[in-house]
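Peer 1: Spelled out from the first residue to the last, the chains are:
Number of protein chains: 2
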Amino acid sequence: MANNSEPKVTPWEVEGIVDYEKLIVEFGVKKLTSRELELTKEAIGELHPLIERGVFYAHRDYDVFLRKYIAGEPTALYTGRGPSGYVHLGHIVPWIFTKWLQDKMGIDLFFEFTDDEKFLYHKEYTLDYVRKITIENILDLISLGFEPKNTHIIVDIDDISYLYELAVRIAKKITFSTIKAVMGFNTSTNIGMIFYPTLQIAVCFLPTELYGEQTHVLIPAAIDQDPYWRLARDIATSLGYPKPTQIHAKFLPGLGIGGKMSSSQPETAIFLVDRPEDARKKIMDAYTGGQPTAELQRRLGGNPDICPVYKYYEILFEPDDDKLRERYNDCRSGNLLCGPCKAALADRVVSFLEKHQEKREAMRDRVEEYYLRNKF
Amino acid sequence: MANNSEPKVTPWEVEGIVDYEKLIVEFGVKKLTSRELELTKEAIGELHPLIERGVFYAHRDYDVFLRKYIAGEPTALYTGRGPSGYVHLGHIVPWIFTKWLQDKMGIDLFFEFTDDEKFLYHKEYTLDYVRKITIENILDLISLGFEPKNTHIIVDIDDISYLYELAVRIAKKITFSTIKAVMGFNTSTNIGMIFYPTLQIAVCFLPTELYGEQTHVLIPAAIDQDPYWRLARDIATSLGYPKPTQIHAKFLPGLGIGGKMSSSQPETAIFLVDRPEDARKKIMDAYTGGQPTAELQRRLGGNPDICPVYKYYEILFEPDDDKLRERYNDCRSGNLLCGPCKAALADRVVSFLEKHQEKREAMRDRVEEYYLRNKF
Chain D
88 MANNSEPKVT PWEVEGIVDY EKLIVEFGVK KLTSRELELT KEAIGELHPL IERGVFYAHR
148 DYDVFLRKYI AGEPTALYTG RGPSGYVHLG HIVPWIFTKW LQDKMGIDLF FEFTDDEKFL
208 YHKEYTLDYV RKITIENILD LISLGFEPKN THIIVDIDDI SYLYELAVRI AKKITFSTIK
268 AVMGFNTSTN IGMIFYPTLQ IAVCFLPTEL YGEQTHVLIP AAIDQDPYWR LARDIATSLG
328 YPKPTQIHAK FLPGLGIGGK MSSSQPETAI FLVDRPEDAR KKIMDAYTGG QPTAELQRRL
388 GGNPDICPVY KYYEILFEPD DDKLRERYND CRSGNLLCGP CKAALADRVV SFLEKHQEKR
448 EAMRDRVEEY YLRNKF
Chain H
88 MANNSEPKVT PWEVEGIVDY EKLIVEFGVK KLTSRELELT KEAIGELHPL IERGVFYAHR
148 DYDVFLRKYI AGEPTALYTG RGPSGYVHLG HIVPWIFTKW LQDKMGIDLF FEFTDDEKFL
208 YHKEYTLDYV RKITIENILD LISLGFEPKN THIIVDIDDI SYLYELAVRI AKKITFSTIK
268 AVMGFNTSTN IGMIFYPTLQ IAVCFLPTEL YGEQTHVLIP AAIDQDPYWR LARDIATSLG
328 YPKPTQIHAK FLPGLGIGGK MSSSQPETAI FLVDRPEDAR KKIMDAYTGG QPTAELQRRL
388 GGNPDICPVY KYYEILFEPD DDKLRERYND CRSGNLLCGP CKAALADRVV SFLEKHQEKR
448 EAMRDRVEEY YLRNKF
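One line per chain: the protein sequences are D and H, in this order. Residues in the first sequence are numbered from 88 upward in steps of one, following my numbering. Residues in the second sequence are numbered from 88 upward in steps of one, following my numbering.
Looking at chain D on its own, in the form it has when it is part of the complex (with noise of 0.2 Å):
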């Protein structure tokens, strides 16, 4: 973890502590602002505390994307995971607020699993491993709850027939210099790697191929992908589709020291198929905003802001907002130490582990349901 040097925001690479404000500036994107809050509620009736809480916190044109769903034109929502190793808690954020935009809408979820881009990326990974992965990684998303007949998993490799001659067409209005440029490649980049892009970039269209009419997308996801979005959006009209627009995430931190949580730390992240005691042990062993002792923490009190224990009540495992004010000031106030303050949520995250893992294996059967393949 690079604390000391230059935070690093690629869609391979997360490192330090991100400054997203400073990130809203890099990548040209929104803040997101009441009044795209507001519109939420005018289109949606309610709000997710991931975005009245800011974790969702930028934006392309997601105002758009609400009028046009207002207005009764085709929509959909979509976004993907990268199958490169097992799914943490960070992977789910912005999957949650996904579902739940989905729920509210009831419009379709296409899911891209970019199992060629994480073969391609990672000297050392086998096609059989990803695809391993992959698999795992469809199980834990299917056992968040969402609903087969609305819900469409696309795996590249597999699916690309879907995929191919949009990204040919794609392919042919970006050269070597941009793609360079926009994912920061060098001469020595694979041109796997190279022409990767123009298949996440296709699915920003191919509801609009599917459906036979336009139909506007919005892609929530975490901030580190927006330089597909923006080439999408850069060549969307000159293939005759509407702009994809997108709601950004913010990172939920690693149980380190700032940073993201990553696979390659695998103490600092907690895997959906941990086992739950392993879960609790990295919690209890979590940074926190915390003092060095009892007595320093109980006259000075913490610091929720820096603590990711908190960050991970706030984002995922205190969803009533007074409780979660309660915790910060008690925090704060030093009335609660870092010691039950994590074994509190050490209990509801395993809990949460639980539930899933059971639901988990469950769903080994249903994959198929969800394959776009299978209907489509």
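Keep in mind that the hints were calculated from the coordinates and are not lab data.
Remember, identical chains collapse to one label, so a pair may be satisfied in a single copy or spanning two.
Under the rule of at most 27 Å between Cα atoms (straight-line distance), these lysine-lysine pairs were calculated in the DSSO-like manner: (1) Lys-369 with Lys-442; (2) Lys-330 with Lys-210; (3) Lys-191 with Lys-330; (4) Lys-260 with Lys-219; (5) Lys-442 with Lys-236; (6) Lys-446 with Lys-236; (7) Lys-210 with Lys-267; (8) Lys-369 with Lys-429.
Chain D is already provided as a structure; the job is to place chain H on it using the hints.
Peer 2: Here is chain H on its own, set in the frame of chain D:
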């Protein structure tokens, strides 16, 4: 046509008078010798004029392929076509030789139509246009008498599900630097063209995948395609496939001065859809190795070695070696004038076109029988 500038031979451009000996050195291939011709006879029992007369003149491991065939190991043929326009007589030279090999050896032919490549390469081409041309080109191919039971046509975009996994495994082995050097790309090349070579390479390994056993593949093709095979051979072993082998053809010259026949110079090429009378006119207007006047020709003789009309006899329209030698000598001695020589060629071409075009229409309903997707 750039007669005075440096000749250029790449998969996308053949310009100037090609120095075939120089290409052998440039591409690092081997010249066919009497040894390989003898081995062909041993394997197949006879020789085709196209190899006996040196139209197929160079190779990579053609001898290895023949030995594998003789030893009874699994073998297959592979060639293809970039559907950028109508098929002309030059295109069918490798096809005729391939069909002969297939007939004699009784093995499968995999034939790739690279619609993606041609769409990606030509700025102004639409997919609809390339699709239409692909079908028209398929008609010309199958009208040459290929058997559907062992001739398997692949159309890249439609059949991408057969190729993409292989392409991704290939792509992981090739950097931008490599593809740039081998194919002559630059940073303004679109990312579809950069990826495309993986699909042309993929078919080299497809028979092994489809048969489920190591299969030795021979590719009869014009020599401009060699860069693909060089790459394919470089990575074959590391991917677990036999190195594909090649036998390289010279080009049928255009009817103008030097150069390849070209769709961009329709007057220099006989297209298989040309009206017979148009073809006759093109031949009667052709450049020849003759003298400026009949009188001079009678006195000094002509030069068949630089004469495209003679080449058409040699390559496609005079199977009889004695008659060909007679024509050569009569030209040299001044006994044969260009007018009657052209007229006799025109008669043969017209007769070929009339029969071909009749068959061609009859084949329109039989295209489906040839698609790989309907058989594997």
